[in-house]
Every structure is written in structure tokens, then in C-alpha cells.
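J.: Sequence:
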Amino acid sequence: MGSVVKWPHQRPGVFFPFGSQFCICRVKHKRFRRLQYTASSVAAKSGKLMPIPLLLVSAVLFFFRFIYEEVVTAIPMNGGTYNALLNTTSKRTAAVAACLSILSYVATGVVSATSGVRYLNNQVDIPIVGSTIILLGAFAVLAVIGITESSRVAVGIFLHHIVVLFILFVSCVVYGVQHPHVFKDNMHAGYPEVDFAGSMLDGNVFTAIFFGFGASMLGITGFESSSNYVEEQQPGVFRKTLRNMWALVTFFNVGLGAGILAVLPLEGKGGIYASSDDLLAMVGREAVGSWFETWICIDAFIVLSGAVLTSYVGICGLVRRLSTDRVLPAFLAKTNKLRGTNHYIIGIYFALSSSLVLILNADATTVNGVYTYAFLGLMAMFSCACMLLKGKRSEIPRDIHAPWAAVIVGFILVVVAIFANLLGDPSVLMYFAIYFIVVMFVMFVMFERVTILRCILVMMKKMAPSRYGKAAAVGLATDSSSEIEHTGARGGHTIARTIVSIRDAPIVFFCKVPDLTIINKAIIYMRRNEQTHTLRIVHVFSDEEADAPVLASFREMAALFDSMYPKIRVDFVSVRGEFGPAMIEWLSRSMKVPFGPAMIEWLSRSMKVPRNMMFITQPDFLSAERVSTVGVRVITA
22 MGSVVKWPHQ RPGVFFPFGS QFCICRVKHK RFRRLQYTAS SVAAKSGKLM
72 PIPLLLVSAV LFFFRFIYEE VVTAIPMNGG TYNALLNTTS KRTAAVAACL
122 SILSYVATGV VSATSGVRYL NNQVDIPIVG STIILLGAFA VLAVIGITES
172 SRVAVGIFLH HIVVLFILFV SCVVYGVQHP HVFKDNMHAG YPEVDFAGSM
222 LDGNVFTAIF FGFGASMLGI TGFESSSNYV EEQQPGVFRK TLRNMWALVT
272 FFNVGLGAGI LAVLPLEGKG GIYASSDDLL AMVGREAVGS WFETWICIDA
322 FIVLSGAVLT SYVGICGLVR RLSTDRVLPA FLAKTNKLRG TNHYIIGIYF
372 ALSSSLVLIL NADATTVNGV YTYAFLGLMA MFSCACMLLK GKRSEIPRDI
422 HAPWAAVIVG FILVVVAIFA NLLGDPSVLM YFAIYFIVVM FVMFVMFERV
472 TILRCILVMM KKMAPSRYGK AAAVGLATDS SSEIEHTGAR GGHTIARTIV
522 SIRDAPIVFF CKVPDLTIIN KAIIYMRRNE QTHTLRIVHV FSDEEADAPV
572 LASFREMAAL FDSMYPKIRV DFVSVRGEFG PAMIEWLSRS MKVPFGPAMI
622 EWLSRSMKVP RNMMFITQPD FLSAERVSTV GVRVITA
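Residue numbering for the sequence shown follows the working numbering, beginning at 22 and increasing consecutively.
A portion of the hints provided could be inaccurate.
Simulated restraints, written as ranges between beta carbons of each label pair [claimed, not checked]:
(1) Lys-205 / Phe-272: 49 to 59 Å
(2) Asp-536 / Phe-227: 54 to 64 Å
(3) Ser-563 / Asn-541: 20 to 30 Å
Here are the computed lysine to aspartate or glutamate pairs in the DMTMM-like style, where the Cα-Cα straight-line distance is at most 25 Å [claimed, not checked]:
(4) Lys-588 / Asp-568
(5) Lys-542 / Glu-566
(6) Lys-355 / Asp-564
(7) Lys-69 / Glu-214
(8) Lys-413 / Asp-568
(9) Lys-542 / Asp-592
(10) Lys-69 / Glu-288
(11) Lys-588 / Glu-469
(12) Lys-483 / Glu-551
(13) Lys-261 / Glu-469
(14) Lys-533 / Glu-469
(15) Lys-588 / Glu-577
(16) Lys-533 / Glu-566
(17) Lys-358 / Asp-384
(18) Lys-355 / Asp-536
(19) Lys-533 / Asp-446
(20) Lys-355 / Asp-216
(21) Lys-542 / Glu-416
(22) Lys-483 / Asp-420
(23) Lys-413 / Asp-536
(24) Lys-533 / Glu-551
(25) Lys-483 / Glu-469
(26) Lys-355 / Asp-384
(27) Lys-588 / Glu-551
(28) Lys-411 / Glu-469
Since the hints were made in silico from the structure, they are not lab data.
This structure is a prediction, so every number in the text was calculated from the model and none was measured.
C-beta: ideal position from N, C-alpha, C; glycine also.
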């Protein structure tokens, strides 16, 4: 089946709502708020060697700078680790990263809300669990109303937070100079005991650095989420963000790590080990006074509350992407008519977050552990995606090539951090596994939904057969209408229609040359990763007369594969024009792609194919920015 389409030569515009100021502040803001709830856990594991694990974390961040820059400049599209793996490996592997991303957002909201309430509890006596759930609910209401992040507010909060941290650092230096005995006494103190797989062991240099490194890795969270909104950033902003964030993280992490040791003693009442809930506030009170302690608590509550709103915004964007990719149910992406927000996503996120608070009784240490597993899993998978990108997609243009040594060392350090957290408190893995299994089960149902629906239909035929019980069976009839009309079960029409709609949803594959191997790879990829049975091969040509032999070859191959794969419908569509972002844009509009609200209203509705269901081979002629504009999936070399 073939057809020829002419397209209007019209170049789409590209809009970048996030400039360098907002993006850099947003990511750094997300990163620096981690100091509020990681300093105490690192101190509890490392003791007097606290600055060393923090310095190692800075080294990890240095390696991952290049890893993230290579992947994102090669495939500058939203989705982070999920998108990187989707373009380098199978959809099921990418779904694991998507699951970790969801858990990361859930744990972010819980950790931020819990830590913010604990800092507020330093000034006002309030119930931790109830107040945390109320805070999560309040921001859920704001998210449903449609209140999102403001660039000016984000910049203001970020600058205010930097001022507070800088004052705290300077005050620690001054206090340390005036009271040098505090730092000296801490350096003569012993190493803290560590929990090794449920047993307490005496600390030493190795345990302090090893377990402290695992705990301090939580301090760079936010780094992994910077790649989730690349398309909204202006070109070049992402690399500046990573560079500046690494420099500031190194300064404040190591500086405050040493500064805390110069102000508070490790042991005793009011010491570092005893101030697990609000360590920075205690340091501020000792170094400056009670008024600065209040300032730190208010700043921490505002910053951490902002993290809760960021989590709602981030989870909505991620789940919408997964819904359009058919990884999660499509109803999640529905918006309410009143405010245009994703109420299903917000409601489910609030339910998951609140349940985590109740199950763990707002225990910050355990919640931190759940978050750490999700975060470190994403970092490890992203480094694997970079390796796959180097090996399988080497011809894709990119602004930077991360050295293999940096990629491998970064991956090894992340794996070491995972083992440090696993050996430190294995019980946390149980809570992480519960939520991971729940989310993965939903994704598994989506991947196997046709098989599940067919099993349900078979059961219905056994339990409630219709008078057409043996007349037809789904999968045997050649006509879709016959399948729907004669399901063999009472009430099976809805299930049959759902199966047919899933199988008939088309996928577009852009093919440059009529190569049997390439087209067969595309079909195999579709069979392994998608539920649809409809593939449309699209070829763009400039001269119909000159390209007549090529078009004829495509038609013959489409007919050949259509007969070779009886369960798959293979169509061929030829488009006259020049292939590039503008062509993809026009085809996207003509095939009713939900890429933007203004893009789905005009031109024909012939194919109804989402842009992320359009596939191409490894591009060797498109710049990185154009790949972002194209927005299609790379499936084969």
C-alpha cells in the first residue's frame, strides 16, 4: 500500500521558555537544598573525616559532567535517563529507568517535606507526620489549581539560599579561628560506629570514608533531573549549568563539611551526632546566634517546600511523557477542563507520597535511603546509556565526547556508593523494593496489556459464552470488525475493540534507502517493544521522476514484508520534499501529534501518530539541536 503526499514548505519556530538564569538557578536550587538533610547523615557515618567523602562526591560529579554533556548534546530531548536508554536500547530497559525516576520524584517530595517540617519544628512544636502530609496535600492543591514554578521566585529563593549558606560558611571560619580547640578536639575523637548489615561495628578510616561516601552521594541529587527538561533550555545552557553547579557544589560541600567540624563537637549533648534533624540550624546558633538559627530554619523550610512543588511539576511532565510513549496508561495524561492540569497524576503522586510518610513514620534516614537507591540507580543507568551511545550511536553529532575512563570510573564509583548504602542498612532496600515493584507492575501490565486482555476474553468465553462462542476467536479472524462483532463472550465487545485499537495504532519509520535489513530491523524492534501491528514506512524524496526506481523498490518491499509478517500491516507513504526538522514538524501536524496545543488543530488527520511513535535510523546529518527539534526515536544504526 503506497501513497504520495506533498508538503507545504513552512519552517516551524522553536521556543525556549527557560533561559540560562532560570535553568541554572532551578538545578542549583534543587542541588543545594540537599545540604539540609545530608550533612547530618554524612557526619554520622564519617565523623571527623566528613570532608573526604564530600570531596569524593565532587570527583563523581566531575566525571558525570562529561557523561551528561555527551548524551544530552547528542540527544537533546526531555526524559533524562529514560530518553537516553530509549534511544540506545529496548523500551523495557528504558522503562526501568522511568520507574526509578518516578520513585526519585516521590522520595524527593517526601524527603523535602519531612526535612522542611523538622526544621520548622525547631521553632514551633508541631506533629511531624501530620504536618508532612498536610504540606504535601497543600502543594497538591496548588498543583491542581495550576500554580507552577516561577522563574523570578526560583531565582530569588536561590540567591537568598546562597546568601544564607555563604554567611554560614564565613561564620564557621570565624568561629573556628576564635575557638580552634573545637576542631582540634574533633580531630582527636574516635571514628563513629557503623551499622554493617544490621550489626554495629567499630569505626575506622575505611568505614568512615566508605559509608560516608555512600551517604554523601545523596548530596548531589538534582544533578540527574537537570536532563529532564533540556528541550525548554536555550542552546548551551545545560553545559553551563553542570559546570557552575559542580564548582559551587565543591566549594559549599567541602567548605561546610569542614566548617561544621570547627563549630560543633562530634559527641555530647548538642553535638553533631545528636543534631541529626537540624544540624545546620544548630551550627548557625552556635556560630552566630539564635536569630541566625531562626533564619536558617525559615530558609530551609522555604527551600524544601519549593522542592515539593518542583516534585509535582516534574512528576507531571515525566508521567505525561510515559503516557504518550504507551508505558503508562493514557488516562493519566488527561487534564481537567477547569484548570488544564493533570489531576490524576497529582492525586496518585500525593497518595504514594503520603503512604510512604505513614509507612516510614516520617523517618528521614529511611526515606533518604529509598531516595538514594532510586537516584544512584538512575546515575548508573545513565552512564550505561553513555557507553551504549558511544558503541551503537557513534555517528550522532555531539558537542563533547566523554573519555571512556571518565565513564567507567564514574560508573564504578556509583556502584560503590550503592553497595555502601546496601551494606549500611539493608532494611531500606525492602521499602524501596515495595514501591519499585508496584510501579513496575503497572508498566508490565501496559507492555503485556494485549495478552492480558486476550486472557480475560478467554476466561469470559468460558464463564459467560455467547451464542457466537465458537464462531470466531480474537486473533484468528482477518477482519477487525469480525473480531469485534463475534468475540465469543458476552460483554466482550469492549475488550475486543480495545485490542483492535491497540494493534491498529500506527507507528512511522523514516527510511532513506530501500534496504531489506534496515526495514526488517525496524519491524523486529516494533514487535519487541510496541503493542501495535501497524507500521508505516515513510520515504521523503525531491524528484518523483528521478526517484521512481527507489519508490518502486519501497512499494515492493512494503508488500513483501506485509506478506512475510501476516499479523503486521506494513504500509508505504512517500512524501515529496526535503527531510529535516521542518518536514518532521509538518508530518507531525498532519498525523495529529500532541506535541503542542497549537500543532494539532490544522491540516489532515490521516494517520494520528504521536511524534514519539515516529522512528528513524541513526542520523548522520542532523545537528544536535535539529535532533531535538525533530523529536523522534532512534532505533537502529
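J.: Which numbered hints turn out to be false for this structure?
T.: 1, 4, 5, 6, 8, 12, 13, 14, 17, 18, 19, 20, 22, 26 and 28
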